[in-house]
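Asks: Take a look at the letters that make up each chain.
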Amino acid sequence: MTSALLLAAASKVDVAVFVVSAIAILAGALGVILSRNPVHSALMLVMTLFGVAVLFVAQEAHFLAAVQVIVYAGAIVVLFLFVIMLLGVDRLENLEVEPLKGQRPIAIFLGLAAMAQLVFLGGAQWASGAPAVAGAAEGEGGNVATLARVLFTRYLYAFELTSLLLVIAVVGAVLLSRRQTGPETQTGPETQTGPETQTGPETQTGPASDTDTGATTGVEGAPVP
Amino acid sequence: MTLDGSWYLTLAAALFSIGAVGLLIRRNVLVMFMCVELMLNAVNLTFVTFARMLGDIGGQALVFFVLVVAAAEVVVGLGIIVAVTRKNSGATADDLTLLRG
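Top to bottom, those sequences are chains F and L.
Going by my numbering, the residue at position 223 of the first sequence is 223; the numbering climbs one at a time, nothing skipped.
Count along the second sequence from 1, add 225, and you get the number used in my numbering.
The reader is advised that the hints may include incorrect statements.
[Stated by the list, open to error] Examples of chain L residues lying across from chain F (beta carbon under 7 Å, computed):
1. Thr235
2. Met257
3. Met259
4. Leu265
5. Ala286
6. Leu292
7. Val301
8. Val307
9. Ala308
10. Asn313
11. Ala318
12. Gly326
If you're looking for bench data, these hints aren't it; they were derived computationally from the structure.
Small disclaimer: the values here were computed from a predicted structure and weren't measured.
Backbone N, C-alpha and C define an ideal beta-carbon position, used for all residues, glycine too.
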């Protein structure tokens with residue numbers, strides 16, 4: 001009797017949590033695509049991400065909820081905001097004009113079609129599969145320990161590859177966002193600093209290396225100990 | 226009224242569709258990137274829902290990897306946006322016609 005009451009109350013709480021976070025998620029998503037200011041879009045994205053984190057908690061993915069808040073809301077959105085401030089693109093975009101004729105109705109139609117397909121697939125209970133292939137969802141130590149166990153045993157190589165991926169991403173970001181002030185102004189200083197510091201001695205060592213090796217060792221220093 | 230997995234799947238479908246529509250209709254490259262993030266979040270929600278429905282931890286492990294890839298993708302993508310916008314300032318997706326034949 002009491003357990004049934006508790007179960008009903010818990011299910012009511014679950015439904016309330018789901019409805020509130022679903023409203024937050026959908027409102028945030030609509031705010032992302034409908035607001036004219038990119039800063040507002042980024043803040044609306046934060047609302048959606050928090051709603052998704054709440055739903056992760058409701059589905060007992062506690063570690064992923066924490067990571068969602070830390071990585072997405074803490075790092076990715078801040079990165080977005082940094083880029084917005086850095087580029088100064090926080091000006092309003094006129095959403096009334098439609099540069100490509102008929103793009104928006106087609107896009108909305110495609111979105112509704114995709115949603116209808118996904119809802120059909122999701123609601124039809126076709127989502128079947130063998131339960132607990134990679135390991136049970138509930139083990140000893142709770143969600144974090146279970147996830148850690150499967151990450152460091154079954155998916156160990158994939159986990160190590162993610163470190164490689166992150167290194168590549170960091171190198172790529174540094175390389176891409178390095179300040180390059182145009183081709184003509186960049187090659188200007190390089191060809192200037194080239195003759196000033198290097199080619200001066202090099203043109204000396206060019207003729208000198210044919211006749212005298214002492215001059216090259218004086219300049220280069222490396223080959224002769 | 227029980228809360229089974231199809232509620233979450235329907236919500237994820239709606240979120241994915243909103244992200245897809247936003248990716249198609251917006252011109253600002255940053256907002257398009259945010260729409261990609263919306264779609265990735267919808268897929269993550271689907272993975273977590275299936276992990277709970279099937280009692281399998283593999284779905285949550287996959288979400289972990291999706292998070293890592295999304296972080297790397299955002300970093301590189303924003304680097305590209307910074308590089309492009311420095312070259313021609315205020316570039317939207319329509320202005321990037323470098324590959325036009």
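Asks: Decide, hint by hint, whether the structure agrees.
Replies: Right, here's what the structure says about each hint:
no.	hint	in the structure
1	Thr235	holds (5 Å)
2	Met257	violated (10 Å)
3	Met259	holds (5 Å)
4	Leu265	violated (9 Å)
5	Ala286	holds (5 Å)
6	Leu292	holds (6 Å)
7	Val301	holds (5 Å)
8	Val307	holds (5 Å)
9	Ala308	holds (5 Å)
10	Asn313	violated (11 Å)
11	Ala318	violated (10 Å)
12	Gly326	violated (19 Å)
In this structure, the earlier hints numbered 2, 4, 10, 11, 12 are contradicted, and the remaining ones agree with it.
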